[in-house]
Structure formats: structure tokens, C-alpha cells
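Q: Here are the chains, one letter per residue:
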Amino acid sequence: MQTSKEAPVKMPLDDKNPLGRPDFISVKDFNFFYGKKQALYDINMDIPERQVTAFIGPSGCGKSTLLRNFNRMNELIDGVHNSGDIRILGKSIYDKEIEVISLRRSIGMVFQKSNPFPKSIYENVVFALRISGTSKKSELDECVERSLRGAALWNEVKDRLHESALGLSGGQMQRLCIARAIANRPKVLLMDEPCSALDPIATVKVEELIRELKQQFTIVIVTHNMQQATRCSDNTAFFYLGKLVEYADTQKIFSNPSEKQTEDYITGRFG
Amino acid sequence: MENARHILTNFEDALDNLRKNVLMMSSLSSRSLENARKGLFERDEDWCNTVIADDEEIDALEIQVDGEGMEIMLRFHPFASDLRNVIAAMKTSVNLERASDQSVGIARRARKLIALPLMPVASRIEPIFNLASSVYDDSIKSYADNDIELARTIKVRDKDLDELNREFADSITEMMPQNPEHIRGFLELIFIARCLERIGDQAKTIAEDVIYAVAVKDIRHSHAAR
Numbered sequence: 076m077q078t079s080k081e082a083p084v085k086m087p088l089d090d091k092n093p094l095g096r097p098d099f100i101s102v103k104d105f106n107f108f109y110g111k112k113q114a115l116y117d118i119n120m121d122i123p124e125r126q127v128t129a130f131i132g133p134s135g136c137g138k139s140t141l142l143r144n145f146n147r148m149n150e151l152i153d154g155v156h157n158s159g160d161i162r163i164l165g166k167s168i169y170d171k172e173i174e175v176i177s178l179r180r181s182i183g184m185v186f187q188k189s190n191p192f193p194k195s196i197y198e199n200v201v202f203a204l205r206i207s208g209t210s211k212k213s214e215l216d217e218c219v220e221r222s223l224r225g226a227a228l229w230n231e232v233k234d235r236l237h238e239s240a241l242g243l244s245g246g247q248m249q250r251l252c253i254a255r256a257i258a259n260r261p262k263v264l265l266m267d268e269p270c271s272a273l274d275p276i277a278t279v280k281v282e283e284l285i286r287e288l289k290q291q292f293t294i295v296i297v298t299h300n301m302q303q304a305t306r307c308s309d310n311t312a313f314f315y316l317g318k319l320v321e322y323a324d325t326q327k328i329f330s331n332p333s334e335k336q337t338e339d340y341i342t343g344r345f346g
Numbered sequence: 620m621e622n623a624r625h626i627l628t629n630f631e632d633a634l635d636n637l638r639k640n641v642l643m644m645s646s647l648s649s650r651s652l653e654n655a656r657k658g659l660f661e662r663d664e665d666w667c668n669t670v671i672a673d674d675e676e677i678d679a680l681e682i683q684v685d686g687e688g689m690e691i692m693l694r695f696h697p698f699a700s701d702l703r704n705v706i707a708a709m710k711t712s713v714n715l716e717r718a719s720d721q722s723v724g725i726a727r728r729a730r731k732l733i734a735l736p737l738m739p740v741a742s743r744i745e746p747i748f749n750l751a752s753s754v755y756d757d758s759i760k761s762y763a764d765n766d767i768e769l770a771r772t773i774k775v776r777d778k779d780l781d782e783l784n785r786e787f788a789d790s791i792t793e794m795m796p797q798n799p800e801h802i803r804g805f806l807e808l809i810f811i812a813r814c815l816e817r818i819g820d821q822a823k824t825i826a827e828d829v830i831y832a833v834a835v836k837d838i839r840h841s842h843a844a845r
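Chains D and H, in that order, give the protein sequences. Per this note's numbering, the very first residue in the first sequence carries number 76; after that it's consecutive. Per this note's numbering, the very first residue in the second sequence carries number 620; after that it's consecutive.
Since the hints were made in silico from the structure, they are not lab data. All values derive from a computational prediction rather than experimental measurement. Treat the hints loosely; a few may be bogus.
If you anchor each label on the Cβ, the simulated ranges turn out as follows [stated by the list, open to error]:
| no. | chain 1 | residue 1 | chain 2 | residue 2 | range |
| --- | --- | --- | --- | --- | --- |
| 1 | D | K262 | H | G686 | 45 to 51 Å |
| 2 | D | S134 | H | D635 | 27 to 33 Å |
| 3 | D | Y109 | H | A679 | 55 to 61 Å |
| 4 | H | D635 | D | N300 | 23 to 29 Å |
| 5 | H | V775 | D | N300 | 41 to 47 Å |
| 6 | D | N300 | H | N636 | 22 to 28 Å |
| 7 | D | Y109 | H | A834 | 41 to 47 Å |
Below, a sample of chain D positions facing chain H; criterion: calculated Cβ distance under 7 Å [claimed, not checked]:
| no. | residue |
| --- | --- |
| 8 | R143 |
| 9 | G165 |
| 10 | Q302 |
| 11 | F329 |
| 12 | N331 |
| 13 | P332 |
| 14 | Q336 |
| 15 | E338 |
| 16 | I341 |
Every residue, glycine too, gets a C-beta built ideally from N, C-alpha and C.
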């Protein structure tokens, strides 16, 4: 278990992840401010490689804020500043050598509302590759098939790759966004409530996809749906008022949390 | 420390109702055992018949508790202590119903004994009955009060009950060759002692479930510390 005031606890290597680094993403003494307002307080946590880590907590607790710090998306907002560090594979994301754009390319992100570009399905997937200069058709085709297969969408769209992405259903659009996110072979996938706008069947498909994707990617998911957290995630972090209250194996968090605040939240006594 | 109420009031009400029904079952079950005792030692067939008749109500409550527990899990997806308490309630109701079945077994056998001439040796079963009643009532109390210290005592005392039952069965068996005219009565007493021993087993299981629900420790199949 970790709290905001404790040193980070290394998640043990176990049967779930025999080869993965337990501190694939490492957050150390991290504080974050929107101007004068502090949104995150002394966050310390290690996120293991190739596992799904869920962030839960009431609205405004800082979970999406922390998520957006992993790819420095928050820096697009005026007036933000932070202290502490976030490391991926041991390297600080704030290191002067790090180019923010490259960082964001190496971290895929999927948002609550699917946001396919007003382009074809094909062009949505290869967008990042084209921007980075790739133009060879064979490479682009390979990327499209690999990514769409990886997002469990290939069979549904393979015969209409050049049709508009906006003609897809909500669930298909979200899976297209996942395909787009994994096209660049990122190390990490960040998902901010990826299923909240989807119907139950589409949700199940995305959850099944998450289960498959974690074999290749380290996934961090923000969710309001606690049943989803129990179904999808290996580890769960509970946040409240900008602080990390408890962070442990998902089964422990939902069957026997150590902190009363966690128990009260997950049992619906507050929130 | 008492938990705050759930925001969802019908969830809170459903949990309260489930617990109340289990406590009602426990009260009826305990009463059945006491009535079986009266029927046996007072040689009163009416008490025996009461035990047998009342079992229907306990059976119905078991079905009700099961249904309510399932509905809570379906509707509210409980977590943590709520989930453990719902599962404990459902498991406890099964054990209470089984214990009541043993009381019915005692009552039926007591009726047969009443039809036979009085056997002074029947009074030897009283210490077993007392211990079984005490263990059973305390297991129910441990559930009602979430008292894990009390629950922890049940396992050891159940072992004492098992020992008493063994000794009783051995002593009765030894008497059989010398008293063949009482063999029917002896057999009824052995079966009654066996029913009491099984009631102790149900009490032990109830206590194990209390310890899991409250302290999240699974002590099943572990040896009792003396």
C-alpha cells in the first residue's frame, strides 16, 4: 500500500507479470498546481510494466490530472506548474533532453469522448506515421492492419478502410482511437474513462481489448466505474482531494482495503 | 467503529433486512434446540412436535435469505465489508438451517425414547446438550455482535464437544451387551449425541464465517489452538 506521505513501494514481480519492471512508471514526490490551486499533493507510486492500473476516486480528486501529467498534456494549459518527478523506464519525463512531442508520441492516449479525425479510417490510423515522415505504402498498410487488428477492429472495417471514420458506431470509433494510439508502438497507453460514452456491448468489447493489450503495453485507466476497475485492472489507486489514499492489488482494494476512506468510497458511503 | 450509512438508502435497507432475517433465523433455531431439550429431558411429546413443526419456518427463512442475498449482489454489486457480510449472511443461514434439522432429529428420537421406559442413563447426555447449546448460542452471538474473540473460542469448544460425544458413545456401547433390553434406547441416545455433535460443527462453521467477514482471516481447516 502507498500513501502520499510514504516512499514509493515497488510492486512485486509476480505471476501476473514475471518479466515486467515494477517501476515502469515511477512518480516521486509529485505536486501539481493549476496556477495557485494545488491539484496533486506528494504523489508517490510505481506503476508496473504490462499491467493495467486503474485510478479511481470522486470527481475532482486529481486522477485525470495525474494521468495527463504522464505525457505532459497538462502543459498545454496556461499557468500550470509542478514539483517532484515522473520517470518512465528510469528516465525523467522532465529531463532537458526529452522532447515533449516525442514523449507524447511514445505514450498513446484515449479519451472519454472518442475523437476520430474527419478523415478515412486508414488516414486516422496512419496520421502519426505520416507526420513523422513515413510515406512508404507498404509500411503504412502494415501499420494499419497491425493497429486495427490490435484494436479488434480489423474484421469490421477491412473492406472500407477508405471510408470516413465518422461513419463508425460509437464503440467502433473508440476502438479506432485505440488503434490510432497504438499505431506508433507506444510504451504506455493512457485511457481517460474510455467506456463512459459507450453502450454495454461496446464497453465489454473495449474491456476485452484492454485485457489483450496489456500483454504488450503498460496501461493506466481512469474510471468512475468500479465494476470496470475490478474487471479490467491488476492494480487500483484511490485518490481523494488530490492525494493518493491507497494503492494496491485490485482484489485487495475491493475486498479488504486498508484505509477506511477507501472502504467508504467503494462501498458507497461517500463520494 | 460504526460505518457511515450508504448514500443509496435502499442498499442500506436491503443489508439491514438481510441481517435481521438471519438474526430471526438464529433466534428460531436456538429456540428449536431448547425445545428439543425440553422434549427430551421432560419427556414431553408436545415440545418435540413443536420443534418438528417450527422447522418449516426456518426452512422458509433460509430460502428468503438466499434470495435477498442474491438480489443485493445483483443490484448493488457490493464490495469489501458489504460483500463479505452478504456472503457471511447467506452461509450462516445455511448453517442455521442445518442445525435446526439436527434439532428436529433430536426431537424425533426423543419421541421414540418417550415411548420407551425411562432410562436413567439418558441423563448422561445432559452435559453434551449443555455444551452444544452453549457453543451454538455463542456462535450466534458472535455473528450478532461481530465478536471475533468469541468466535475464536468456538473451534476449541467444538473439539471438546466432539470428545464428549466420543466418550458418551463408547460408554453406551459398552453397556449394550449387559443390557440388551435397552438397545433401542441406547441407539436413540447415540444418535441424539451425534446430532448435538453436528450442531457443534455448524456452530464452528458460523464462527469461521464471522472471523472471515470481520477480520478477513480464513481459519477453516486449520488446527484449533488450545
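Q: For every hint, state whether the structure bears it out.
A: Right, here's what the structure says about each hint:
Between K262/D and G686/H the beta carbon distance is about 49 Å. The supplied range of 45 to 51 Å therefore holds. Between S134/D and D635/H the CB atoms are about 29 Å apart, so this pair conforms to the stated range of 27 to 33 Å. For Y109/D and A679/H, the hinted distance range of 55 to 61 Å is satisfied, since their beta carbons lie about 60 Å from each other. For D635/H and N300/D, the Cβ-Cβ distance of about 26 Å falls inside the hinted range of 23 to 29 Å, so the restraint holds.
The beta-carbon spacing between V775/H and N300/D, approximately 45 Å, falls within the hinted interval of 41 to 47 Å. Remark: the range hint 22 to 28 Å for N300/D to N636/H is upheld by a beta-carbon distance near 27 Å. Hint check: Y109/D to A834/H, Cβ distance near 43 Å, so the stated range 41 to 47 Å holds. Using the Cβ-Cβ criterion of 7 Å, the hint placing R143/D at the interface with chain H is not satisfied: the shortest such distance is roughly 28 Å.
Here the hint on G165/D is broken, as its CB sits about 35 Å from the closest CB of chain H, past 7 Å. Look at Q302/D: its Cβ gets to within about 6 Å of chain H, closer than 7 Å, so that hint holds up. Taking 7 Å as the C-beta cut-off, the interface hint given for F329/D holds, the closest approach to chain H being about 5 Å. Restraint check, N331/D versus chain H: the minimum CB separation of about 5 Å is within 7 Å; hint holds.
The closest approach between the C-beta of P332/D and any C-beta of chain H is roughly 6 Å, which is under the 7 Å cut-off, so the hint is satisfied. Violation of the interface hint for Q336/D is found here, the shortest Cβ-Cβ separation to chain H being roughly 11 Å, above the 7 Å cut-off. Here the hint on E338/D is kept, as its CB sits about 5 Å from the closest CB of chain H, short of 7 Å. Nearest Cβ of chain H to the Cβ of I341/D: about 5 Å, under the 7 Å cut. The hint holds.
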